[in-house]
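Colleague: Kindly produce the complete structure, drawing on both the sequences and the hints.
Protein chains: 2
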Amino acid sequence: MMSGLRCPSSGRAACLRPATCRTTCAAGPRPCRLPVVSGWSPASRPAWPPSAVIWFRPACSAKFSFANRLRCWIEIGDFYPRLMPREVKLRATPSHPMQTLLNRVQAAHTLLCVGLDPVGDDAQVARRLAEVIDQTSEYAAAFKPNLAFFLSRENGVQLLRETVQRVPDGIPVILDGKFGDIANTADHYARFAYDIIGADGVTVNPYMGDDAIVPFARPGKLVFALAKTSNKPTHSLQDVALTRGGSLADCAARVARQLDEQHGGIGLVVGATNPEAVARLRALCPDQWFLVPGVGAQGGDLAATLRAGLRPDGTGLLINTSRALWQATDTAAAARELVEQMNQLRPVVV
Amino acid sequence: MMSGLRCPSSGRAACLRPATCRTTCAAGPRPCRLPVVSGWSPASRPAWPPSAVIWFRPACSAKFSFANRLRCWIEIGDFYPRLMPREVKLRATPSHPMQTLLNRVQAAHTLLCVGLDPVGDDAQVARRLAEVIDQTSEYAAAFKPNLAFFLSRENGVQLLRETVQRVPDGIPVILDGKFGDIANTADHYARFAYDIIGADGVTVNPYMGDDAIVPFARPGKLVFALAKTSNKPTHSLQDVALTRGGSLADCAARVARQLDEQHGGIGLVVGATNPEAVARLRALCPDQWFLVPGVGAQGGDLAATLRAGLRPDGTGLLINTSRALWQATDTAAAARELVEQMNQLRPVVV
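Here the protein sequences come in this chain order: A and B. In terms of my numbering, the first sequence opens at residue 1 and continues consecutively. In terms of my numbering, the second sequence opens at residue 1 and continues consecutively.
The hints are simulated quantities; they were obtained by calculation from the structure and are not laboratory data. Computed from a predicted structure; not experimentally measured. Backbone N, C-alpha and C define an ideal beta-carbon position, used for all residues, glycine too. Worth double-checking, as some hints may not be accurate.
[Said to hold, decoys possible] So, partial list: chain B residues that the calculated Cβ filter (under 7 Å) puts toward chain A: (1) R128; (2) F149; (3) D181; (4) D211; (5) P233; (6) S236; (7) V240; (8) L242; (9) V255; (10) L302.
Modeller: Given below as structure tokens:
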């Protein structure tokens with residue numbers, strides 16, 4: 001979970017997660033639908049002005065402006081007691097939306113994304129999820145729960161929410177839902193991922209165009225659009241050659257780059273099973289973050305992927321591993337070993 | 001919900017939906033994980049043989065074979081009391097998986113797919129969902145709940161399950177989730193859609209290739225793969241021209257046709273906002289069913305779409321309408337009017 005935003009007067013943390021407001025919310029254990037301020041009486045809430053600006057400490061160099069549009073969930077302590085909207089839009093213009101990810105990568109010296117694809121019976125899974133998170137947190141640049149593995153079990157949404165809550169502050173959680181629908185629908189998926197589950201990012205499918213991606217590009221959120229995936233289907237759309245040159249994956253990468261330039265926070269999903277594609281897409285998108293599945297059970301080549309995809313600063317890649325960690329007998333050791341392997345193959349900027 | 005399968009000796013309905021087993025399941029109100037037979041004692045269950053074949057009445061010309069792999073949920077009454085597996089695979093080879101849909105279209109003289117994209121507060125939504133289903137069932141060839149609109153609210157999965165249960169027998173429910181992930185993950189989404197929610201079909205996204213589609217092609221299930229969608233993004237991947245000729249949407253349609261030939265039950269999603277694309281894809285896929293969103297709020301032209309997309313038998317299209325019905329004051333009248341409009345524009349085979 002990402003944090004770092006604090007009220008400059010009270011020093012209290014700004015909580016951007018509905019699910020994490022439990023202890024302070026008057027609304028009880030469910031995600032609160034309204035911001036909560038200590039000692040604040042709902043009856044005396046004044047009208048919300050059309051615009052207002054709050055500066056936070058430069059922990060993530062963020063400036064927030066509000067407008068009467070979307071809900072946000074934010075605990076602002078006694079910082080801003082005179083203005084408390086029913087629904088507000090939270091718009092951040094940090095120095096770069098991926099800055100939080102880079103902060104974590106640099107602070108923990110790791111590119112490891114811990115994939116959470118739980119299999120097993122319910123009791124086993126809940127225990128193992130907690131174990132994997134606790135034992136790999138030290139080594140994780142991010143966590144990536146896959147939505148399908150939660151939805152396919154009873155009370156999967158609740159388990160997913162609890163899983164995200166367990167991730168320590170400062171480590172982004174990317175909900176791997178490969179969402180892709182028209183804008184109106186995508187907005188509902190974004191509410192699910194960010195407001196109900198409390199994720200810090202998502203994966204999205206670009207087949208339906210920018211409509212399907214932009215609604216996820218909320219301030220400070222990390223969006224990874226599929227470009228070249230790690231599977232090797234018989235009928236691959238991603239490899240079809242376009243008359244304008246390049247493959248569909250290249251075209252998807254260009255779209256993601258343009259959207260990143262406009263909205264910020266948009267990276268790519270690029271599988272480790274094809275290092276040539278990693279290199280080609282890195283040439284097309286020199287600055288963007290790549291979420292890289294396919295190392296481990298799917299047979300991707302770690303060294304070749306790092307050579308092909310690292311940015312000159314030794315970052316820009318999130319290397320995902322799911323099954324190898326889930327099945328490890330000593331999970332912490334397995335995660336440490338993976339991080340050490342990666343760090344031997346890249347320049348680590350301290 | 002689809003049904004029509006009956007035990008030839010007892011005449012009892014075969015229930016393929018976990019959620020509909022409530023009244024007969026010893027396991028209580030949750031989906032039962034084991035088949036249930038009246039008067040059958042779990043303690044005395046014999047071992048399940050490696051293979052066995054049951055013939056049902058030719059209501060849908062289905063032949064079922066079992067193997068020790070996947071769970072199925074089937075109430076077989078006193079038909080097959082000596083063999084009761086813990087987990088079985090149910091594999092049907094009906095004359096055509098889309099036959100159930102055609103049966104409904106022909107029996108109710110309708111091409112209308114009722115989209116369920118609920119908006120509003122929780123109590124309002126539950127009441128309105130029930131109203132829309134009850135008032136449009138007579139006119140509905142299928143129902144199509146959109147996953148995003150359920151996930152974006154508290155207890156959305158439970159609401160979705162109850163919604164699917166409310167749909168009368170014989171009307172297929174297509175869960176619009178636009179799922180698209182590698183095979184292992186897609187299998188989990190299929191379990192969610194079919195086994196937990198109880199849907200009869202899904203929509204899928206072909207960007208990740210056939211891996212992402214095939215796991216949904218279970219016997220008797222309806223799978224609609226995105227080809228040309230109804231939205232008009234600035235950066236459209238679907239319209240990019242391929243060196244092999246045609247657009248990406250055409251390529252996706254060809255993949256879906258090949259998969260339909262191999263696995264059966266695979267149709268296309270083709271938006272009504274572009275009748276030329278409907279005509280082009282109909283030429284490429286003369287036999288497949290098209291699920292057609294975009295009529296109504298999105299501005300699609302109903303008459304042009306029907307002219308472009310109907311098969312010679314006057315079927316082959318499922319015309320989806322969501323918002324126009326959800327917002328109607330007289331929902332039944334609105335549905336009837338839509339069906340009458342469509343039937344005036346097509347040959348109805350009685």
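Colleague: Find the hints from earlier in the document that the structure breaks and name them by number, from lowest to highest.
Modeller: Failing hints, ascending: 1 and 10.
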